[in-house]
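*Asks:* In case it helps, the working numbering puts the sequence shown at residues 6 to 254.
These are calculated hints, taken from the structure and not from any lab test.
Think of the CB as a built atom: it goes at the ideal place given N, C-alpha and C, for glycine as much as any other residue.
Do not take every clue at face value.
[Claimed, not checked] Distance ranges between label pairs, derived from CB positions:
| hint | residue 1 | residue 2 | range |
| --- | --- | --- | --- |
| 1 | F154 | G51 | 30 to 38 Å |
| 2 | R58 | S135 | 17 to 25 Å |
| 3 | E66 | E156 | 36 to 44 Å |
| 4 | K75 | K100 | 32 to 40 Å |
| 5 | L247 | A48 | 18 to 26 Å |
| 6 | R204 | H70 | 33 to 41 Å |
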Amino acid sequence: MVSPNRSNEIATLIFLHGIGEGNIDGKWLEALNDALKVMGYSALVGSSVIAPRYVNLLKQEPSPHCPMPKYNTIKPDNIDRERWAYERRQASLEKLLNREAGNGDIFNDIPPKLEKLVLSILKQAERYVSNEGLRGCILQTVLDQLPIFGEEVVIIGHSLGSLVAIDLLDHLPSRLIVRRLITIGSPAGHVIMHGKGERLLKKFPISQVRSWVNVWSILDPVPFGMGIAQLFPYALDVRINLGMGEHSA
């Protein structure tokens, strides 16, 4: 994936899906490539995209049980310098995006036709964060498909996949650098998502993650009218305007 500032370097794109069949139709990639072309970038090819499927684990009854992967033990040489550099990158990114950041009013009136979808997403999300054995299996499935050699990656997590992406951060192998983490339509801002089991993201790996953008719409019922920066201060909440009840990536 070509970066405006580093046009001669390629990063592998990791896409983590939400509920459903794991985006086997590839529509998310078609939409992304169409947008990249409009902006003057090259389309992504299959060899530069990894999209692990873990839908079978989410649906399995009883839930599968795997040990949690080891936590990342990397310690920055200079935490203050790393934090300053990260904050500077985030500030530059916010200026570049020129979007309205912050939260809005909580989405209380979910259209009836969307209520079933929202409840199913939140049910699966709560199941993920509260079931350590399930988390372990899904995280290991993703880790097993990450690039073997040290390189940069871009991680995109949509809906429940955003929880997997956040959870993945402090389990990443030391060889990988996350050029950008993008979470979309994330339910991670719900406090209810963090009241059971181990908290997602115990310690943000500031020396491995270059930036984090959380994209949300006030009319998307899954984020419930809020971003995630109140619980994950390293994320930059960027609000966009989607249609009523729109949740797809």
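*Asks:* Are the hints correct? Go through all of them and say.
*Replies:* Going through the hints against the structure:
The given range of 30 to 38 Å is broken by F154 and G51, whose C-beta atoms sit roughly 18 Å from each other. Range check, R58 to S135: Cβ separation about 22 Å, and the 17 to 25 Å hint holds. At about 37 Å, the CB distance of E66 to E156 agrees with the hint of 36 to 44 Å. Distance hint for K75 and K100: a CB-CB separation of about 37 Å, consistent with the stated range 32 to 40 Å.
The supplied range of 18 to 26 Å is met by L247 and A48, whose beta-carbon atoms lie about 24 Å from each other. The hinted window of 33 to 41 Å between R204 and H70 is violated, with their beta carbons roughly 20 Å apart.
Figure legend: structure checked against the earlier numbered hints; hints not met, in rising order: 1, 6.
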